[in-house]
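Here are the chains, one letter per residue:
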Amino acid sequence: MNAETKIERKAKKLGLKERYGHLTRGLGWETSYQPMDKVFPFASYEGIKIHDWDAFEDPFRLTMDAYWKYQAEKERKLYAVIDSFAQNNGQMKITDARYVNALKIFLTGVSPLEYMAHRGYAHVGRHFVGAGPRVACQMQAIDELRHAQTQMHTISHYNKYFDGLHDPRHMFDRVWYLSVPKSFFEDAMTAGPFEFLTAISFSFEYVLTNLLFVPFMSGAAYNGDMATVTFGFSAQSDESRHMTLGLEIIKFMLEQDADNVPIVQRWIDKWFWRGYRLLSIVAMMMDYMLPKRVMSWAEAWGIYFEEAGGALFEDLSRYGITTPKYADVASKEKDRLTHEVWSTFYNYTRAAAFHTWIPNDDELAWLSEKYPETFDQLYRPRYEHWRSLQQKGERFYNNSLPQLCNVCQIPMVFTEPDDPTKLCLRSTEFEGEKYHFCSDGCKDIFEFEPQKYVQSWLPVHQIFQGNCGGATMPEVLDWYGIKNGSDNLDYEGSPDQTIWNDWTKSAQRAAG
Amino acid sequence: MTVDIKTTSVQPRRNTFAHIARRSGSDKAASRYDEATFDMQPSANFHYRPTWAPEFELFDKRRTALEMEDWDAFKDPRQYYYGAYTIARARMMESTEKNFAFVEKRRSFDSIEPNWRDLLQLYLIPLRHFEWGANMNNCNITDLGYGAAITQATMYATMDRLGNAQILSRIGLLLDNQTGESLATAKMAWMELPVWQPIRRMVEDSLVLNDWFEQFVAQNFVFDTLVYSLVLGAFDDEGQKRGAHGVSLLTEFLSDWHDETARWVDAVLTRAAKESPQNANLISSWVAKWSGIALPALEPLAREVLRNDAETALGSAEERLEARFAKFRTDDRVHI
Chain A
813 MNAETKIERK AKKLGLKERY GHLTRGLGWE TSYQPMDKVF PFASYEGIKI HDWDAFEDPF
873 RLTMDAYWKY QAEKERKLYA VIDSFAQNNG QMKITDARYV NALKIFLTGV SPLEYMAHRG
933 YAHVGRHFVG AGPRVACQMQ AIDELRHAQT QMHTISHYNK YFDGLHDPRH MFDRVWYLSV
993 PKSFFEDAMT AGPFEFLTAI SFSFEYVLTN LLFVPFMSGA AYNGDMATVT FGFSAQSDES
1053 RHMTLGLEII KFMLEQDADN VPIVQRWIDK WFWRGYRLLS IVAMMMDYML PKRVMSWAEA
1113 WGIYFEEAGG ALFEDLSRYG ITTPKYADVA SKEKDRLTHE VWSTFYNYTR AAAFHTWIPN
1173 DDELAWLSEK YPETFDQLYR PRYEHWRSLQ QKGERFYNNS LPQLCNVCQI PMVFTEPDDP
1233 TKLCLRSTEF EGEKYHFCSD GCKDIFEFEP QKYVQSWLPV HQIFQGNCGG ATMPEVLDWY
1293 GIKNGSDNLD YEGSPDQTIW NDWTKSAQRA AG
Chain B
704 MTVDIKTTSV QPRRNTFAHI ARRSGSDKAA SRYDEATFDM QPSANFHYRP TWAPEFELFD
764 KRRTALEMED WDAFKDPRQY YYGAYTIARA RMMESTEKNF AFVEKRRSFD SIEPNWRDLL
824 QLYLIPLRHF EWGANMNNCN ITDLGYGAAI TQATMYATMD RLGNAQILSR IGLLLDNQTG
884 ESLATAKMAW MELPVWQPIR RMVEDSLVLN DWFEQFVAQN FVFDTLVYSL VLGAFDDEGQ
944 KRGAHGVSLL TEFLSDWHDE TARWVDAVLT RAAKESPQNA NLISSWVAKW SGIALPALEP
1004 LAREVLRNDA ETALGSAEER LEARFAKFRT DDRVHI
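For the record, the sequence lines run as chains A and B. The numbering used here puts the first sequence at residues 813 to 1324. The numbering used here puts the second sequence at residues 704 to 1039.
Since the hints were made in silico from the structure, they are not lab data. There may be inaccurate statements among the hints.
Stated by the list, open to error - Lysine-lysine pairs mimicking DSS-like chemistry, simulated, CA-CA at most 27 Å apart:
(1) A:K825 with B:K890
(2) A:K881 with B:K764
(3) A:K972 with B:K778
(4) B:K890 with A:K886
(5) A:K905 with B:K890
(6) A:K1234 with A:K850
(7) B:K890 with A:K850
Note that the structure is predicted; figures quoted are calculated from it, not measured.
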């Protein structure tokens, strides 16, 4: 009987692509007991027109059997390294304890975003109408959870020895500079599913990812942090899947309907600027916080945005997409951005959960070399002045509260695109109130959706309104979860420094 | 006698993160599960309301009628964080792959009685769409749920259901000699065959629920207990008598998965019910509502497959649900 059935069956066997199609998008169906627009209520309110969800090209044809197998393999290796790092006191083998401050920024400012991404992709993974893109988003949703968790596990060991890492989740919801990444991601998550993907999958993961990943992971590699660099390598193959999704979804929207082009362009402009501003702190970390530098921010911007991004936007120009608005401003800022931001944190380090310091002579020389047009002229004198104060025992701390940009939430410390000596201040009125911005980019974003940005939880406003534990610095620090005298202030004289010096001394003694 | 390796010893200044120490009341070293779970979800000072749900915060406790003092109390008895989860599933999948290889090599499907083969096509392969509905429901809970403890476990469940659907599809591909015909037929059955329609209706109705915890009860407790008891219990037992041992080898992944997942589902419901009589009553009313829908919805399929034995099979599915429900029900006025 069965032999007969097989002979009768002449139908062609499935190719790999068709087989994958059956195993994923074939699972979905057109609902009829409940209307499709009730099952998928967020498919059209952003104005994006999709005529054929099946036209979405699955960027990676991964079925769950293979997913579990590859990912389990990677997890086994990663945790073996994390365990061995702890067992061998890997934290003593980094270049210098100042490096750990990069990890503090990472764990408090970046890891929570991985968690947010996990939930955001779950939202889109439920609500996209096409089963193909939904599965892609679900896989990214669980990957992002992986990243959030493995980062906690990797950095957990550092928390045992260094300050500033002890309460990252509490700080993320409260500390002033962490409202920059928090508001960035909430902005994306509270948008519709298509804007979320443009914001995170395309602008962030595709266009800007190398500027986030390279500084931290190469920084880890250069500075002897084997645990973090192993995490970086382990996450790399996840990231390349995510990047592919970013490009696919953009092309999909652009190919589905010409009316989508201006909407997508506006999102690209918005999220380029939002992402670029978010990277300011990473840029600063790259130039100032890595004892052994990988490359300068200006170099990284040149390679990863101006060159790689240039080619990308040239490729997208056939759809009518142009280079993001204000990309020229970002390029004008590349020789001053990091110095402006490091100076800001040097000022306000009393209220930060990481240390700052004046770069040593070698480091100042490196900065002069990397920024020949600006550093010696504009920034070195400032550092030398602060250094002389510090040598007199008068380390400068700014105890006032800065004005924040209503969109990116960074203190208004950036300068005019064409004049690095003049503060760039913008403002607009909405419903009788005045709102302030650091740039034309942020002002444009506000003016397009003022109802959204009037909701911003601005840390400085909140302190003045009495919502942050009290009116004095100790009360606010306490509310933030920052331990005064150990988490904050200059690296010089910090408990981190003392411990590091003890270790170094005993290591030298052991070496004879 | 032990080997004594001398290492540099340094004194840690703290053993875990402050948010975990606050929860456990001491700074003792925390498990990987705890570090991967507690307080992971942002919970304060949100900036913007979702444009897709402006009446709520981005993460909002008010999205379910259930109330909890501590939403991270829904600890997973399996202690699954991503690493532990993927490693466990990879192991299960490894033995499933061996079973697939065995079934193909020994041509185990050749021994299936022809009319049972038809029934397999009718009852087993369309189940992949039921699994896909479960994927959507768990994904929705991951989106709207509150706290990392329950939403990380529903994330794993989301991917599990896709995996289950793909195993069922591969069984279809074995039945149709890799042409995909069986999958097309199964889709048609799911969309049009009368015995599947009440089931599809119940799944579609669950997709549009507003309360995510009700969705959790409907899908992960009521639907799954009844469907798995029927399909992988009674139907499969019948298949054993009709030469379908090979099929059981391949659905073992789903049975094992269901047994394992049931431990987590029961732990969640027990913890929620323990919180307050209001919670316990809510859960009881949801169990009553959805079992009242699911039991009659499954009846036509059970009759089609088991004929006169359907009654007994439905009865034992209901008993199984009752037995699990008994673990955490506090209000015995509500009967299912």
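Hints violated by the structure (listed by number, smallest first): Structure breaks hints 2, 4, 5 and 6.
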